[in-house]
Every structure is written in C-alpha cells, then in structure tokens.
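Student: Input sequences plus hints: build the corresponding full structure.
First to last, the sequence lines map onto chains E and B. Take the first sequence: its position 181, counting from 1, is numbered 181 in the working numbering, and each next residue is one higher. One rule links them: number in the working numbering = place in the second sequence (from 1) + 302.
Misleading hints may appear alongside valid ones.
Straight-line C-alpha distance at most 20 Å; calculated DMTMM-like pairs for lysine to aspartate or glutamate [stated by the list, open to error]: (1) B/K884 to B/D669; (2) E/K100 to B/E668; (3) B/K833 to B/E619; (4) B/K884 to B/E850; (5) B/K884 to B/E566; (6) E/K100 to B/E332.
Distance ranges between label pairs, derived from CB positions [to be verified]: (7) B/V313 to E/T267: 56 to 62 Å; (8) E/D289 to B/A927: 30 to 36 Å; (9) B/R946 to E/V247: 53 to 59 Å; (10) E/V247 to B/L316: 30 to 36 Å; (11) B/Q343 to E/D289: 45 to 51 Å; (12) E/T267 to B/L316: 52 to 58 Å; (13) E/A140 to B/Q343: 47 to 53 Å; (14) B/A927 to E/T267: 58 to 64 Å; (15) B/E333 to E/T267: 57 to 63 Å; (16) E/V291 to B/R946: 31 to 37 Å; (17) E/V291 to B/R941: 38 to 44 Å; (18) B/E333 to E/G147: 37 to 43 Å.
Partner residues are not named here, just some residues of chain B that face chain E (Cβ under 8 Å, in silico) [claimed, not checked]: (19) T308; (20) L309; (21) E333; (22) P335; (23) F336; (24) P337; (25) A339; (26) R340; (27) L341; (28) Q343; (29) P344; (30) A345.
Hints in this document: simulated from the structure, not taken from any laboratory. Beta carbons: idealized from backbone N, C-alpha and C, even for Gly.
Here is how the chains run, residue by residue.
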Amino acid sequence: MSAPLPIRRAIDWGELAPLKLRARQVAEGVYAGMHRSNKRGAGVEFGGYREYVPGDDLRWLDRRSLLRHDRLVVRQFETETDRALCLLVDASASMGFRSKGAPGAKLAFAAVIAAALARVALASGDPVSLTFLGGGARTAHVPRSAGRDQFERIVAVLEAVEPGGDARVDHVVLDRALQALARATRRGAIVVFLSDLVDLPDDAAERVAAIAATGRVVSIVQTLDPAEVAFPFEGTVRLRALEGGAVVETDAETTRDRYLAALASLTGTWEKAAVRRGGRFSRAISTDDLVSVVRAIVESVR
Amino acid sequence: MTFLSTLALAVALLVVAPYVAHRLRRRKAEEQPFPPARLVQPAPPQSRRRSRLEDRALLATRAASVLLLALLGATPFVRCSRLSLQRSGGASVAMAIVVDDSMSMDATADGKTRFARARAGALELLGSAREGDAVAVVLAGAPARVALAATTDLGAARNALDGLTESDRATDLDGAVALARGLVSSLPQVDRRIVVLSDLADGHHDGPPLGEDGSVPVWIALPELRGPAADCALMRADRSGGRVRVGVACGPGVTAAGREVVVEDADGKALGRAAAPSGSTGETTVLLPSEDAAASRARLLGTDAVAGDDVAPVLPEMSRGAIGVVADAADETVATGGAPIVEQALSALKLDVDVRPIPAFPDRTEDLAGDLGVILDDPPGLTPEQRHALGGFLEGGGVVLLALGPHAAAAPLGASLEPLLARGVTWGETKSAGGDPVSAVGPLAEPAHSLVDLGASRRATLAPEDASALESLVKWTDGAPLVARRAMGRGEVWVVTLPFSVDDSDLALRPAFLAVLDAWVHAARERAAPKRSDVGTTWRFPGAHAVEARGPRGPIAVTRDEGVVRVVPPLVGVYRLSVDGKAETRVAAPVLRELDFRPRPAAPTTAGEGMGERRAAVDVSGQVALALLALVAAEIALRAWSRRKVEAV
Numbered sequence: 001m002s003a004p005l006p007i008r009r010a011i012d013w014g015e016l017a018p019l020k021l022r023a024r025q026v027a028e029g030v031y032a033g034m035h036r037s038n039k040r041g042a043g044v045e046f047g048g049y050r051e052y053v054p055g056d057d058l059r060w061l062d063r064r065s066l067l068r069h070d071r072l073v074v075r076q077f078e079t080e081t082d083r084a085l086c087l088l089v090d091a092s093a094s095m096g097f098r099s100k101g102a103p104g105a106k107l108a109f110a111a112v113i114a115a116a117l118a119r120v121a122l123a124s125g126d127p128v129s130l131t132f133l134g135g136g137a138r139t140a141h142v143p144r145s146a147g148r149d150q151f152e153r154i155v156a157v158l159e160a161v162e163p164g165g166d167a168r169v170d171h172v173v174l175d176r177a178l179q180a181l182a183r184a185t186r187r188g189a190i191v192v193f194l195s196d197l198v199d200l201p202d203d204a205a206e207r208v209a210a211i212a213a214t215g216r217v218v219s220i221v222q223t224l225d226p227a228e229v230a231f232p233f234e235g236t237v238r239l240r241a242l243e244g245g246a247v248v249e250t251d252a253e254t255t256r257d258r259y260l261a262a263l264a265s266l267t268g269t270w271e272k273a274a275v276r277r278g279g280r281f282s283r284a285i286s287t288d289d290l291v292s293v294v295r296a297i298v299e300s301v302r
Numbered sequence: 303m304t305f306l307s308t309l310a311l312a313v314a315l316l317v318v319a320p321y322v323a324h325r326l327r328r329r330k331a332e333e334q335p336f337p338p339a340r341l342v343q344p345a346p347p348q349s350r351r352r353s354r355l356e357d358r359a360l361l362a363t364r365a366a367s368v369l370l371l372a373l374l375g376a377t378p379f380v381r382c383s384r385l386s387l388q389r390s391g392g393a394s395v396a397m398a399i400v401v402d403d404s405m406s407m408d409a410t411a412d413g414k415t416r417f418a419r420a421r422a423g424a425l426e427l428l429g430s431a432r433e434g435d436a437v438a439v440v441l442a443g444a445p446a447r448v449a450l451a452a453t454t455d456l457g458a459a460r461n462a463l464d465g466l467t468e469s470d471r472a473t474d475l476d477g478a479v480a481l482a483r484g485l486v487s488s489l490p491q492v493d494r495r496i497v498v499l500s501d502l503a504d505g506h507h508d509g510p511p512l513g514e515d516g517s518v519p520v521w522i523a524l525p526e527l528r529g530p531a532a533d534c535a536l537m538r539a540d541r542s543g544g545r546v547r548v549g550v551a552c553g554p555g556v557t558a559a560g561r562e563v564v565v566e567d568a569d570g571k572a573l574g575r576a577a578a579p580s581g582s583t584g585e586t587t588v589l590l591p592s593e594d595a596a597a598s599r600a601r602l603l604g605t606d607a608v609a610g611d612d613v614a615p616v617l618p619e620m621s622r623g624a625i626g627v628v629a630d631a632a633d634e635t636v637a638t639g640g641a642p643i644v645e646q647a648l649s650a651l652k653l654d655v656d657v658r659p660i661p662a663f664p665d666r667t668e669d670l671a672g673d674l675g676v677i678l679d680d681p682p683g684l685t686p687e688q689r690h691a692l693g694g695f696l697e698g699g700g701v702v703l704l705a706l707g708p709h710a711a712a713a714p715l716g717a718s719l720e721p722l723l724a725r726g727v728t729w730g731e732t733k734s735a736g737g738d739p740v741s742a743v744g745p746l747a748e749p750a751h752s753l754v755d756l757g758a759s760r761r762a763t764l765a766p767e768d769a770s771a772l773e774s775l776v777k778w779t780d781g782a783p784l785v786a787r788r789a790m791g792r793g794e795v796w797v798v799t800l801p802f803s804v805d806d807s808d809l810a811l812r813p814a815f816l817a818v819l820d821a822w823v824h825a826a827r828e829r830a831a832p833k834r835s836d837v838g839t840t841w842r843f844p845g846a847h848a849v850e851a852r853g854p855r856g857p858i859a860v861t862r863d864e865g866v867v868r869v870v871p872p873l874v875g876v877y878r879l880s881v882d883g884k885a886e887t888r889v890a891a892p893v894l895r896e897l898d899f900r901p902r903p904a905a906p907t908t909a910g911e912g913m914g915e916r917r918a919a920v921d922v923s924g925q926v927a928l929a930l931l932a933l934v935a936a937e938i939a940l941r942a943w944s945r946r947k948v949e950a951v
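Tutor: Set out below in structure tokens:
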C-alpha cells in the first residue's frame, strides 16, 4: 500500500500568485497581436489562390480563372480559418509537484502561461477555450468564447483547479480530455498543451500529436520543475512517483546520468511526434522567465 | 565494586543498541516525492554510502550517550584518589596547611616535584572545605612564614595556594608548625588541625618526632613525599687566577664519584673540567686555559634529585675580611712587649678576621677596601683628608671603634675627630670608678659586671651634643657614656671613653673588653655582608634608603623592618643588587642540610586518623549530566543539519 501523497490538494502558487495579476503582467510583456488573425464574418481579406483538389467546396471555385486560363483554382480567404485558442492544461497529480528551488508548482506555472496566452488571444479578438487533463473535483471546462469576461472566467477556473487524477493508470483521463478538445476546436484552431508529459500513457504522444492532422496547430509545452531537470539528489534516495504509484530506491550519483538520458528520450519521443504532424514542441522550466516562455509560444504558432 | 556498581556499568553494554538501530535505520532511505520516478532506475545503495560522516557522528553520539548514562548510574560508586577532610559531626573546621617550600621539595618523582604534589594536595584539601571553614597557609622554608592568615574566604586561600612557588630555602618545620598552631589556636572553630605537606627532610632525621606535642592535632599527609632521594650540590666556586676551586657536597651516604665538574663561560662553552671528589664532601680544582678566561659558572654533570643546585656561579676568591688597627705601637710595645693590646685581643678572640695594623689613618677611602672596620685607639685627631676618607668609609658601610684618650683630647690645631664627633673631647679626672652594670644593654649586658672598677683616674668626656647623639651600651656610674654607638651613613661608630692602653685603665684587661671587640666585629660583619651566604639568609642594609634586588628569576621583594632594609634570597644563584645606586653582586648558596633527604620521625598521632583521608568519593554526576546534555544537544544539531541538507535537495 502506497503512503498518502504529501502534495497539497490546492495548487502551491508560491511566488506566482496572484494569477490574474501575473497573467496580465506577462501578457503585457508579450507583443500583443503577434499572431495573425482577422475578424470573423464578411468583408474579409482575400487570401490568394491555390490549385483545386477534389473535395474543395465548389463555391470558392474561381470561374474567371477557369474561363481565361482553363485552370481549376479556388480562392482562399482569411475568414475561413478559425484562429481560436484551445488551452489544454495537465492538472494531474504530478503537476502539483514543487521542489525547494522552484517559484511554484508546475501546475501554477502552467496556469500563468495559460492565462497569459488567453489574455493575448482575447486582446486580439480570438476566442479562447480551456480544458484540463485530470484535475480534482472542482475542475471545470471553459467553453470557447471571446471578450473581456472570458479572461475572468478562465482565471477563475484556473485558480480553482486542484491537481489530481492519475493519467498513468486511468486512461480515461486522457480520453476525456481529448474528446473535449475535439469538440471545442475546429480546423485552424491553435491548441496549446501544457504538461510535464512524465506520467501520461505511452501512446499519449501520438494521440495528442494527431490533433494537428485535423487542421489544427498544436503546440506542446513541456513544463518541468528544476529538480526534474537537474536530479539534485545525493546518496541513497527513495523516490515515489505521484502517479502510477512507483517507488524507487536508488543511489543518486550512479543513477543521475541514466535518469537524464531517460528524460531526454521521453522528451524526444514527444518532440518527434509533434514535429511529424506539423506541431511545435518546447520545454519550459518553472524557473524560466514567463514573458520569454509565452512569447516563444506565441511566435511558434504564428 | 558493589553489585549495583557492576549493574550500572553493565548498562554500558547497551552501547551496541545504537549501532544495531543505526544499521536497521540506514537500510531504508527517507522517501521523497518525485514525479518522474518511473524514469529512475533502481540501484542498490553502495557500501560507502552506509558510512557517511553524519551517520557515523550520530552513531558515535548515541553510543557515547549510552556510556554516559551508564556512568551516571554508577557515579555514586566512582571514587578517585585525593586528599579530603573528615569532620566530626559536620562542624566547620579550622585548618592550617603547612606547605614545605624548601629545596629538598624540588626533588622530582614521576616527572613532578614534591612541592607541586604538596601544593596539589593542599588544593585538594581546600576543595573539600566548606563555607565556614577557616584556612591558613604557612610555608616551612626557613624562616617559616605565613603565606595566608586564617580566613574563611576559600577563594583567597585558593589564590594564595595558586601563587606559591618553590624555593631553595632550608627547612624549618618546627617553626612552621608553631606558626600554624598560633594561627588556628585562637579561632572559634572547635575542630582545629594542622596539615603538614612536607618530605620532613629538615636535616634532623634523629630529632624529636614532629607533632608529638601541642594543643592542635597535626596530620602529616602524603607519605609518598618522604621517599628516598640522593642529591649532590655545588656549594661554591671560587676563582683565583687560572684556577677555580669548586666545593661539592652530597647527602649522607651519597657521593659524586664518577661525575665531573665543568666550568663554563656565559655561553655554556666548557672552559675546563675535573673529576668530582669521591667523598661525601670535598673540593676539586678546575684549571682554566688562561687567567683571562671568562668563567661564568661551574656545573656538576650527571643527574640527581635536585637539578637546581648542580650549578654554582664562579666568583673571585674572597678574603676573610680585615680589621684595620690604628694605635701607637711604640707605647703599646713598652707595655705588652709585642703588638698593641687590641691586636692581641682580636687574635685571641679567633674571629676569623685578619688584623691589619695601620700606622696612620689613610687619606683615601680606597685604601680601606677589604676592611670590615677600623679601630682608632686614642688618635690625635684627624686631618681633613683623613676625615674625608673616614666619611666615605662610613657611608659605604664601614664600622669604626674609637677609643678616646689623652691624645684625642689634645688634638693639634686643624685636626679634629669629625665626622665621628662634632665637638672636641676633654681628658680629666674622674670620680667614677667604673661602669654601671645596670645601665648595660645589648651584647654588653652580662659582661658589664667586669667594668665595675676600672682603676681609671682620668677619662674622656664628650661634649653634651655628642653624648646625646650616642646610644649608650654601658655608662659610667655617674651616667656618662662609657661605651656608646651611633649609626652614621650605612656604617656605624662605636665610642669608648677610655683608651685601650693599660697605663690609663684596666679596661683592656677586663672580660668586657673582649665582649666589646666581639660585638663590634659582629656588627662590622653584619654591615659588610659576605658575597656568598646561605639561601634564605636575610641580607640587611642598615642605613640604606633605596635597595633593589634581582635574582635568578627576576626582581625579588625588598622589605623594611625597624627601619632596616632587608632582602631574603629565596633561590640559589646570583643576585644583582643596587644599594643607594651602588651595584653589588651576591650569591645565595645551597644549605648543606637540605641535601639530607632522610625524613624526620613523625609522632604516631600524625597519621591523620579522624582528620582526613587519602581516598574520597567524588560526586561527578553533575559533570556527567552536563556532558550527557551536551551530547543530546549535539545529536539534535546533527539531525537538524542532516534534515536541512535533505530539504535543500
């Protein structure tokens, strides 16, 4: 029988509180409107031509080109693309971890990033939705919407979320999150997945990356604690995973290199899966500068 | 060892318990959360990790704690060897501690001198004293003296004992015990005692047992101080030209045969050597390479009980001292058929002085160098040069015996008896037949009876000013001074109002005349102390105002008693003195009887029955408990340190 988890149920915000203020500060540090987007509906900007492929909507077939040049081309408009931002935040138990030198728990770090991204998108008029992977009983889904109130809703839900759930053992957690994401996003939407990736099922990388194949832009942001990157233990240590119930006793000095290699391998697996599907992959340590992290994410999805 | 003691110490076997617990605890490291734990490969802890420093420190701390706990349980049964007082009915005690600081106490045993052991014993005794006990400290080095008068301030007593230092004095046990008895006999405590910490080697091994009488019981503690010892010493080293005569003395039954005497310069370089005499006492002569060799000290090679007396400073050979006599040899020869009667009397007294007839008093003080004193028998006055020389002689500590007669009264113009007498004297008829024995004081008190009828028809009469300045030793029956004296400078002048000539009186034929000469020579010797004397002998400086003394270990105390400056050399060696600005060098030599280590017998009642004991229970539970607390604190600190280290990870 495993011992009760020492992690607190609420997020350990640490130096990252208050979320609302921090998110605004970060968002203001990021150049607003860096990502390309237009208003929805008519009066749209022409987006250019491309060759017709079977299945294209015949409404956009350019008849003039057909008559003049005897070529089948279709017209493209920016209004076709849905630039909604879908935030998928890992709120499983492992995200509640915070080591001694970290400013806050990994989930708190991810929440600030998510809120700042939402702020940036909403400032550009894009709709934003929020979905969690795992989380406690008070975890709620925020449907896609735009406007100033949406930021308030997102912040309120992020502040109320509690780390919980074992995605490693309970595969339903991942299924439920992906299904909710599929319902909330359309083609062209930007999906930002914030997770430590360490306790997800083995096929999670492929399944998450597959979202990109359906016309969405997927950005996977691996959020890690500095202790997970450095493995700063000494001597004989007894380590317990927060998901999956694994307990390992080892000698830190002899195991450190092998652990770092395993972490690099895991990261490589996710990166390959994302890149192969046209997605983006980045890593953020909870001690990193938040403005730089958010700006990098925004630029990667332009 | 009692059963309880054994049982308590058996608890010490539990020292293995922390070790076992340590081993068991160490196998399971403290569990820590780490999300990517599944990426970490399990590995068996390496053996070197099992003995980390903090773990070992914790183990040692716990093991020591168990040992101290066991010791704490056994503390009432732990005893250690030390002196302590016994009390009758728990009443307070008056105790005089006699510490022997004589030279024989410098003998070493087990790397520690007897004196150090005696002082430690005194401190042990003091440690068992309680509030209300009175303690006095007396030193038995001759002369016996009080180091601390009786006091109930135990801190002051401890300071006094801490400040005691060894000396090379002779031993005066009887005097010390008498002093100690006087210090405690009048104290209000009913339970009084004298504790003697001495080797009892006072040179009187066949003397009466110590402590057999007296109202205050005596406890002679530390019998190990009375162990046998053999010692030889260099008593003197006198140089004459290219030779150094070294006197060697040893204790009874001990010889310096096989040992060598080496004469060294100030840098320790050997200038010459000779075999030590084979007898118990003797003299050996060391030849120097030249008469200019700067011999500094003589050293007796080899080891014995006391190392400090194996070195003696080399001094120029001293003469016995001389008495200058200024008398009219022509007149005297007629009467005695030989030397003047005063010279013959000095020779008859065998005072171990040279008699040096002087035709006339010299004009220079330097001409009197080496003279202890000068006798002026009816001098016809003194010229100015002579008076100046006489003044210098007196200022330097010289002693003059002036006999007044017809020649002194008829001094020619320009001649006077200054500075001895300020006014002239008269020579005239006397109605008094002789001296008044009742008026005699000092050394002449007894022989003055022979001065009753001197057969003198005339006598010298002093001016009233001079008579009042003199201290009469014997007076004429009419009250005029017959023999008188006064201090002058550092010296002294004695005046006799009759000449020594048998033509004028029978004074020179009376026993009192010899007594006068003997007392005068004794005074002269006191004024001109010899360069070498026994250690502990008081050096007196009558008339001196500023005296400074520096001994082998630095400056020594200068005391003043009845207006006379005194210095007591406590150690064997050379002393540099400054007497009113004039430099002197004196030597303190060992006392022969201190080489005799045979202890004096002790009375059977001095075993300390009921007064003290050698072995005492010492309660150290307080110290053990403190150590235990310190260990517990150390363990808490170690654990906190370890925890902080883990949390930092």
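Student: A separate judgement is required for each hint: does it hold in the structure or not?
Tutor: Results of checking the hints against the structure:
| no. | hint | result |
| --- | --- | --- |
| 1 | B/K884 to B/D669 | holds (18 Å) |
| 2 | E/K100 to B/E668 | violated (98 Å) |
| 3 | B/K833 to B/E619 | holds (10 Å) |
| 4 | B/K884 to B/E850 | holds (10 Å) |
| 5 | B/K884 to B/E566 | violated (28 Å) |
| 6 | E/K100 to B/E332 | holds (16 Å) |
| 7 | B/V313 to E/T267: 56 to 62 Å | holds (59 Å) |
| 8 | E/D289 to B/A927: 30 to 36 Å | violated (57 Å) |
| 9 | B/R946 to E/V247: 53 to 59 Å | violated (24 Å) |
| 10 | E/V247 to B/L316: 30 to 36 Å | holds (34 Å) |
| 11 | B/Q343 to E/D289: 45 to 51 Å | violated (33 Å) |
| 12 | E/T267 to B/L316: 52 to 58 Å | holds (54 Å) |
| 13 | E/A140 to B/Q343: 47 to 53 Å | violated (39 Å) |
| 14 | B/A927 to E/T267: 58 to 64 Å | holds (60 Å) |
| 15 | B/E333 to E/T267: 57 to 63 Å | violated (26 Å) |
| 16 | E/V291 to B/R946: 31 to 37 Å | holds (34 Å) |
| 17 | E/V291 to B/R941: 38 to 44 Å | holds (43 Å) |
| 18 | B/E333 to E/G147: 37 to 43 Å | violated (48 Å) |
| 19 | T308 | violated (41 Å) |
| 20 | L309 | violated (40 Å) |
| 21 | E333 | holds (4 Å) |
| 22 | P335 | holds (6 Å) |
| 23 | F336 | holds (4 Å) |
| 24 | P337 | holds (4 Å) |
| 25 | A339 | holds (4 Å) |
| 26 | R340 | holds (5 Å) |
| 27 | L341 | holds (4 Å) |
| 28 | Q343 | holds (5 Å) |
| 29 | P344 | holds (5 Å) |
| 30 | A345 | holds (4 Å) |
When held up to the earlier numbered hints, the structure conflicts with 2, 5, 8, 9, 11, 13, 15, 18, 19 and 20 and fits the remainder.
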